[in-house]
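**Student:** Here is how the chains run, residue by residue.
There are 2 protein chains.
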Amino acid sequence: MRDHLTFQLGDFTTQHGATLRGAHLAYTTYGELNADKSNAIVYPTWYSGRHWDNEWLIGPGMALDPEHYFIIVPNMLGNGLSTSPSNTPPPYDRARFPHITVYDQVAAQHRLVTEQFGIERIALVTGWSMGAGQTYQWAVSHPEMVERIAPFCGSPRTSLHNKVFLEGVKAALTADGTFNGGWYGETWPTTGLRALARVYAGWGFSQAFYWEKEYEKLGYTSLEDFLVGFWEGFFLDGRDPNNLLTMLWTWQNGDIGLTPGFNGDTEAALGSIRATTLDMPAEKDLYFPPEDEAWAVSLIPGAELRVIPGIWGHFAGHGSNPTDTEFIDTGLKQLLAKPGGLA
Amino acid sequence: MRDHLTFQLGDFTTQHGATLRGAHLAYTTYGELNADKSNAIVYPTWYSGRHWDNEWLIGPGMALDPEHYFIIVPNMLGNGLSTSPSNTPPPYDRARFPHITVYDQVAAQHRLVTEQFGIERIALVTGWSMGAGQTYQWAVSHPEMVERIAPFCGSPRTSLHNKVFLEGVKAALTADGTFNGGWYGETWPTTGLRALARVYAGWGFSQAFYWEKEYEKLGYTSLEDFLVGFWEGFFLDGRDPNNLLTMLWTWQNGDIGLTPGFNGDTEAALGSIRATTLDMPAEKDLYFPPEDEAWAVSLIPGAELRVIPGIWGHFAGHGSNPTDTEFIDTGLKQLLAKPGGLA
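Residue numbers (UniProt numbering), protein chains in the order written: chain A, 1 to 343; chain B, 1 to 343.
In short, the hints are calculated from the structure, not lab data.
Hints may contain errors.
One copy or two, either will do: identical chains are not told apart, so a pair holds if it fits within one copy or between any two.
Unchecked claim - Here are the simulated BS3-like pairs of lysine-lysine, each with C-alpha atoms no more than 25 Å apart in a straight line:
| id | residue 1 | residue 2 |
| --- | --- | --- |
| 1 | Lys163 | Lys213 |
| 2 | Lys217 | Lys163 |
| 3 | Lys333 | Lys37 |
| 4 | Lys213 | Lys338 |
| 5 | Lys338 | Lys37 |
| 6 | Lys217 | Lys37 |
Quick caveat, the model's predicted, so the values are computed rather than measured.
Required output: the full structure, derived from the provided sequences and hints.
**Tutor:** This is the structure we're talking about:
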């Protein structure tokens, strides 16, 4: 696990009006920023992901090659490394942590990119899942900066069904009395976390993934072994419940139409995107279905929709299936070979 | 709500070896059995459904017309009306209620049909969801009796993904400490029931159903109103948690291959079906996807697959959407006009 650097945000005021005093972004970088600062890529994290969880898509010979690009991976506010319920002192700590919008996430990242590095143009923003949501937000918040975007397995606006899926995730966690409205003590609500994991398990991969027992390729020896070993293990791995709920709120309320100036008009926000866009949803993604992205792409000038084929569902973008990784990497290479939308 | 009749099963021994002493089936009938007892239809219930929940598919001018057919609706063991955790005296009460297989359900129903009514041939068995599972089981358990089957939105074997969906449902309910391993008191684990309802909400209808806000057609005024008014209301409406878990176990373990004589060979069990078969999965059913049923139908001699089109997902078979109801009713009419498999 690569160590992270810290960018001090100072007093960070959220879109909803709270001020996190002494806030920070944890981030890391790969490669070197070139002299004219034209080779920057921003690659935000996903729901509960940390910067090291993005490394599968970075490497020599890949689209995100540190020999050629300066790749910045900022950790989301709420993920436990950047300012989060778990590391904020009172009074904004724990269950009192304020709501963070996707707009806020990108506002913080924009400060890192401009103040820390003096970058004025970004060659590419890309990301998986909530990272895709932040990718769309970058293109809308800073159309003058972002040359290309490649969201994969995500959306510019969280759909109603996606919100319902997340309601189930949230309800399972908070049904555990130990959660205590977010004021749990040193004993975490592990029953609730395990329940959340089991709810999530049905959504993360497709029906066909389970039918074909693809989890065996990941080293799991039975369905129950996958549920315990992968899913419960995933959410018991230091993932603070309040952090999970903070990020969940961000996800549920994701909508580029809520960017100041758009008055909730998602279609207008999509129409404002100037970046060259390659959108890659996964064929059997159960909460970011490709139909939704066909709608989004139809509203972004010149955008391309390229569906990741196969049965891994949402986790096509998780880096665990070599076929899907190659598909995404190929898409990114082809996008980077195209002129940026600001050219 | 129509009253029910009671059939005494006496000592009912389950497939797993428990004996429920003084067990009973609650059931109701529509229409009259004709002189040669050739007009019987069996229409089992679904997960938490009661006999009155099946009435939407029964009526004058419909396929299931009481003027022509004698329609028997047996309540599933575990549904709260037939023998269930909630109405069984100690020692097999509540959390100690034994596991009931789909095979057991049909064994009990077979006794009702033969002992109470002296019926030797059944013109049709049909049912939604778990009712579809019982429909398949009838054709495998009693090939000499069943002339036609029309399972809709169900399967002959619960798929691995479907089991995972149900794990999430179960985990949400049991995360509530009030559940207390099934030994809750007069205070029910309503937080867990509401959590279960929210988990279920994402699965019952399709992504597109929510995108199109089809719930407004059911009289719900917002997404949250649908989650509370329909879903939480559904599971808080007298649905005993232990009953829900008993039926959930039956569902998770559904497999016609577990019928005695088939040694777990689901394909052989499908191949043994002699009834004329019309299988109607729903296009966007998230836990009984049509691909799975294409597989099942390919193994049943002469069976027809007819996919219910549209965006209501699993609830296409719930009787709430007139278009889907008409599609199913038309299918049943056409099936009843065909020769039975035993002709």
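**Student:** Next, verify each hint and record whether it holds.
**Tutor:** Consistency of the hints with the structure:
1. Proximity of Lys163 to Lys213 under the C-alpha cut-off of 25 Å is restricted to the inter-copy arrangement: shortest distance 13 Å between copies versus 28 Å within a copy.
2. In this assembly of identical chains, the alpha carbons of Lys217 and Lys163 lie at most 25 Å apart only when taken from different copies (20 Å versus 30 Å within one copy).
3. Taking the shortest alpha-carbon separations for Lys333 and Lys37, only the intra-copy value of 20 Å comes in at or below 25 Å, while the best inter-copy value is 71 Å.
4. With identical chains, the CA atoms of Lys213 and Lys338 are never at most 25 Å apart, being 38 Å at best within one copy and 39 Å at best between copies.
5. Taking the closest pair of Cα atoms, Lys338 and Lys37 come within 25 Å of each other only inside a single copy of the chain (18 Å); across copies the shortest separation is 74 Å, beyond that limit.
6. Within a single copy, Lys217 and Lys37 get their C-alpha atoms no closer than 41 Å, and across copies no closer than 54 Å, so neither meets the 25 Å cut-off.
When each numbered hint is compared with the structure, violations occur for hints 4, 6.
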